[in-house]
Amino acid sequence: MSTEHDHSHLSDTDLRVRALESLLTEKGLVDPAALDEIVDKYENKVGPRNGAQVVARAWVDPDFKKWLLEDGTAAIDSLGYTGTQGADMVVLENTSTVHNVTVCTLCSCYPWSVLGLPPAWYKSFPYRARLVKEPRAVLQEFGVELADSVEVRVWDSTAELRYLVLPERPAGTEGMTEYQLVDIVTRNSMIGTEKVAMPAGDA
Amino acid sequence: MANRSNIPTPEELPSLPRDEDGPVFREPWEAQAFAMTLKLYDGGHFTWPEWAECLALEITDAQDSGDPDLGDTYYLHWLKALERIVMQKGLLSEGDLVRRKNAWDKAAHATPHGEPILLPADG
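One line per chain: the protein sequences are A and R, in this order.
Final position of the first sequence in the working numbering is 203; the numbers increase by one with none missing.
Final position of the second sequence in the working numbering is 123; the numbers increase by one with none missing.
I should point out that these hints are in silico values taken from the structure, not numbers from a laboratory.
One or more of the hints may lead you astray.
FRET-style restraints, in silico, Cβ to Cβ [stated by the list, open to error]:
1) R:106 <-> A:156: 38 to 46 Å
2) R:49 <-> A:160: 41 to 49 Å
3) A:32 <-> R:112: 41 to 49 Å
4) R:53 <-> A:171: 52 to 60 Å
5) R:52 <-> A:128: 51 to 59 Å
6) A:149 <-> R:72: 24 to 32 Å
7) R:110 <-> A:121: 24 to 32 Å
8) A:60 <-> R:50: 47 to 55 Å
9) R:50 <-> A:160: 38 to 46 Å
10) R:106 <-> A:178: 42 to 50 Å
Source: prediction; values computed, not measured.
For glycine and all other residues, C-beta sits at the position ideal for the given N, C-alpha and C.
Pulled out of the complex, with its shape left as it was, chain A reads as follows (with noise of 0.2 Å):
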């Protein structure tokens, strides 16, 4: 797939497919929304998985999670999760002081190298919208709970530039591998709207 400066390219298997969703779409033979539950039951345990390696390494090695921060393209890559497609990974630390949360302008450049696919309300309209606006009032919507003295940092993606969120290490969790960590680092935690919980009874 190559991309080029001036303008868009899509694929030939991407044009058929968007060939094929936009015309049956037209003849409400599928829908969008539909698709995406579809591809979300198949997918959000799958997707992640990729970018929950990513943060358990962070987590377990300092030396990586130093340079994940410093060149996030480069240490991805050295665990094999490329084909982001030229664009580069950056990735953001949260913090006690500092939320760092995602969003998308839907062009067809997503990390989903790491993330997997994107969930449908990421995609909507009016997490797009809110979310650069009102960002404190849509993270309470996902759960996240944050005090005053946190900052809220929205960062929205470009066609060079995709990111990463490195949740924080919940308290609690030293004892746990680096492949027991993989399995606690949800998806939304990556994009921002969610902490990184303790398992619940799996002390």
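Got chain A sorted already, so can you dock chain R onto it with the hints?
For chain R alone, coordinates are given in the frame of chain A:
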């Protein structure tokens, strides 16, 4: 949706490319092609055996033309089978598909990189 639709569960589709956790899509278009097929099936536009036969035919054709069929081309066959079945069932014509594909190509070229690609209203 799970209660009232006929959409198969992941366990009911054992031939899909998967890792230890379940089905895997490598690119967004694969998931779109997959979901459209399930939705049309759910709408009663074809039966699952009809779909399976159509997909099997594409895969056999590809193998006959030298595709080693290692899983990386699975959804390309899936997409061809989907195009074939929507034409067979009279849902869309080949002309519809070709014209619309060209329209998308034109729209992509007219769109600055990084912006959403939209079809003009006259489509």
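query: That 51 to 59 Å hint for residue 52 (chain R) and residue 128 (chain A) (C-beta), does it hold up?
result: 39 Å, violated
Check: Quick one: are residue 32 (chain A) and residue 112 (chain R) within 41 to 49 Å, going by C-beta?
Finding: 23 Å, violated
**OP:** Take the C-beta atom of residue 149 (chain A) and the C-beta atom of residue 72 (chain R), compute their distance, and say whether it sits inside 24 to 32 Å.
**Re:** For residue 72 (chain R) against residue 149 (chain A), whose Cβ atoms are near 49 Å apart, the range 24 to 32 Å is violated.
**OP:** Using the Cβ atoms, figure out if residue 53 (chain R) sits within 52 to 60 Å of residue 171 (chain A).
**Re:** Holds, since residue 53 (chain R) and residue 171 (chain A) (Cβ atoms, about 55 Å apart) stay within the stated range.
Distance restraint evaluation - residue 106 (chain R), residue 178 (chain A), Cβ atoms, bounds 42 to 50 Å:
Between residue 106 (chain R) and residue 178 (chain A), where Cβ atoms are some 48 Å apart, the hint holds.
Quick check: does the Cβ-Cβ distance between residue 49 (chain R) and residue 160 (chain A) fall within 41 to 49 Å? 47 Å, holds
Is the distance from the Cβ of residue 60 (chain A) to the Cβ of residue 50 (chain R) consistent with 47 to 55 Å?
50 Å, holds
Problem - Verdict for residue 50 (chain R), residue 160 (chain A) (Cβ pair) under range 38 to 46 Å - result: 44 Å, holds
**Asked** Taking the beta carbons of residue 110 (chain R) and residue 121 (chain A), is their distance inside 24 to 32 Å?
**Response** 29 Å, holds
_Assuming the hint says 38 to 46 Å, is it satisfied by the Cβ distance from residue 106 (chain R) to residue 156 (chain A) or not?_
27 Å, violated
Violated hints for the displayed structure, listed by number in ascending order: 1, 3, 5, 6.
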